[in-house]
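Peer 1: Letter by letter, the chains look like this.
Protein chains: 2
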Amino acid sequence: MNSKDIKQAGLKVTLPRTKILKILETASAHHLSAEEVYRALLDDEGAIALATVYRVLTQFETAGLVIRHNFEGGQAVFELDDGKHHDHMVCLRTGKIVEFHDEIIEQRQRDIAKQHGFTLSDHALILYGEFDETNS
Amino acid sequence: MNSKDIKQAGLKVTLPRTKILKILETASAHHLSAEEVYRALLDDEGAIALATVYRVLTQFETAGLVIRHNFEGGQAVFELDDGKHHDHMVCLRTGKIVEFHDEIIEQRQRDIAKQHGFTLSDHALILYGEFDETNS
DNA sequence: AAAAGGACGCTCTTTAAAAGCATTGAGCCA
DNA sequence: TGGCTCAATGCTTTTAAAGAGCGTCCTTTT
Chain S
1001 MNSKDIKQAG LKVTLPRTKI LKILETASAH HLSAEEVYRA LLDDEGAIAL ATVYRVLTQF
1061 ETAGLVIRHN FEGGQAVFEL DDGKHHDHMV CLRTGKIVEF HDEIIEQRQR DIAKQHGFTL
1121 SDHALILYGE FDETNS
Chain B
1001 MNSKDIKQAG LKVTLPRTKI LKILETASAH HLSAEEVYRA LLDDEGAIAL ATVYRVLTQF
1061 ETAGLVIRHN FEGGQAVFEL DDGKHHDHMV CLRTGKIVEF HDEIIEQRQR DIAKQHGFTL
1121 SDHALILYGE FDETNS
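Residue numbers (the numbering used here), protein chains in the order written: chain S, 1001 to 1136; chain B, 1001 to 1136.
To be clear, the hints were calculated from the coordinates, so they are not data collected in a lab.
One should not assume that every hint holds.
Which copy is meant is left open, because identical chains are indistinguishable; a pair holds if it fits in one copy or across any two.
[Unchecked claim] Lysine to aspartate or glutamate pairs mimicking EDC-like chemistry, simulated, CA-CA at most 20 Å apart:
{"#": "1", "residue 1": "K1114", "residue 2": "E1099"}
{"#": "2", "residue 1": "K1012", "residue 2": "E1036"}
{"#": "3", "residue 1": "K1007", "residue 2": "D1081"}
{"#": "4", "residue 1": "K1084", "residue 2": "E1103"}
{"#": "5", "residue 1": "K1114", "residue 2": "D1132"}
{"#": "6", "residue 1": "K1096", "residue 2": "D1122"}
{"#": "7", "residue 1": "K1114", "residue 2": "D1102"}
{"#": "8", "residue 1": "K1114", "residue 2": "E1133"}
{"#": "9", "residue 1": "K1004", "residue 2": "E1103"}
{"#": "10", "residue 1": "K1114", "residue 2": "E1103"}
{"#": "11", "residue 1": "K1114", "residue 2": "E1130"}
{"#": "12", "residue 1": "K1004", "residue 2": "D1082"}
{"#": "13", "residue 1": "K1007", "residue 2": "D1082"}
{"#": "14", "residue 1": "K1096", "residue 2": "D1005"}
{"#": "15", "residue 1": "K1012", "residue 2": "D1102"}
{"#": "16", "residue 1": "K1084", "residue 2": "D1043"}
This structure is a prediction, so every number in the text was calculated from the model and none was measured.
Kindly generate the complete structure, drawing on both the sequences and the hints.
Peer 2: Now the structure itself:
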């Protein structure tokens, strides 16, 4: 995931885009809201306008570089799209997000869609709850 | 689902609340946004203020009378809570929503949560796609 | 190196949702 | 049943996330 990807998406390679991509790669939390990306770049000399962050993230989403999630809580969060589909567990206490993938569930979803004459293009499975103290 | 439920929720039985509940019961679409509820009551002599619709729906949600869903598309939708949990298939072409329930998936979710030391309090599974012409 | 069009930053706008406040009305009790 | 109290309503204003408009700047391409 580097400037080559930006170019292949038909976008010019600019400092804001490079920085935003890097933040998404290196941030400890792998799921960031637009505001969080913005704040992460505030320290950095040469901050990026919030409007640009929104614009770039939407462009990255369209280009397939990142995935936008609409979890509960109003703010959308973004993560790099590594091509490997996964679902999410969201801790309502700490905000921690853990990814998982389960082929049994995936297969059932495909079966159910088929039974209903439904052509699946995407799906979202989110588990809400709380991690044990030890895990959080 | 009637005025008794409203009262048991600790809310006064008022015309707006009764009307909103009835709309949710009788509307052909079982998933309505706040705006849709509002518009459904516009014909009706004695319209209800939009602010009241938002307020009442949130109160109903807190009281456990309705469930709020954050599907893609910005607007939250509401449905009566009949106590029977189910998931959703959302047609991206027509907006049609079909409910389903699958015990295999439910069980897998519980197993996965357990494996991760995660106490499940809620979950959302939404399949996005398109229904066949015949079904839509 | 220069031309051309996309990208940036700033500000303003949009939209869903909720808050504030004065008025109205439900519900309880004498 | 009539009145009293506090919750509920309607109207307006506000908030927050997200995006649009526009003038200037900077990538990119030749």
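Peer 1: When no copy is named, should K1084 and D1043 be tagged within, between, both, or neither for a Cα gap of at most 20 Å?
Peer 2: Answer is neither: 32 Å inside a copy and 49 Å across each miss the 20 Å cutoff.
Peer 1: Tell me, please, which holds for K1084 and E1103 at an alpha-carbon limit of 20 Å: within, between, both or neither?
Peer 2: within (12 Å within a copy, 26 Å between copies)
Peer 1: Measure nothing new, just compare the shortest in-copy and cross-copy C-alpha distances for K1114 and E1133 to 20 Å and report within, between, both or neither.
Peer 2: The answer is between: 14 Å across copies meets 20 Å, while 41 Å in one copy does not.
Peer 1: Is it within, between, both or neither when you check K1114 against E1099 at 20 Å Cα-Cα?
Peer 2: between (26 Å within a copy, 14 Å between copies)
Peer 1: For K1012 and D1102, with the copy left unspecified, which applies at a CA distance of at most 20 Å: within, between, both, or neither?
Peer 2: So K1012 and D1102 fail the 20 Å test inside a copy (37 Å) and across (46 Å) alike.
Peer 1: I want to check one pair: K1007 and D1081. Are their C-alpha atoms no more than 20 Å apart within a copy, between two copies, both, or neither?
Peer 2: Close inside one copy (16 Å), not across copies (48 Å); limit 20 Å.
Peer 1: When no copy is named, should K1114 and D1102 be tagged within, between, both, or neither for a Cα gap of at most 20 Å?
Peer 2: Intra 19 Å, inter 14 Å, cutoff 20 Å: intra and inter.
Peer 1: Since the copies are identical, ignore which copy is meant and state whether K1114 and D1132 lie within 20 Å (CA to CA) inside a copy, between copies, both or neither.
Peer 2: between (37 Å within a copy, 10 Å between copies)
Peer 1: Is it within a copy, between copies, both, or neither that the alpha carbon of K1096 lies no farther than 20 Å from that of D1005?
Peer 2: neither (28 Å within a copy, 36 Å between copies)
Peer 1: Are the CA atoms of K1114 and E1103 at most 20 Å apart within a copy, between copies, both, or neither?
Peer 2: Close inside one copy (17 Å) and across copies (17 Å); limit 20 Å.
Peer 1: Are the CA atoms of K1004 and D1082 at most 20 Å apart within a copy, between copies, both, or neither?
Peer 2: within (15 Å within a copy, 52 Å between copies)
Peer 1: Taking 20 Å as the upper bound on the Cα-Cα distance, should K1114 and E1130 be classified as within, between, both, or neither?
Peer 2: Close across copies (11 Å), not inside one copy (33 Å); limit 20 Å.
Hint violations for this structure: numbers 2, 9, 14, 15, 16, all remaining hints satisfied.
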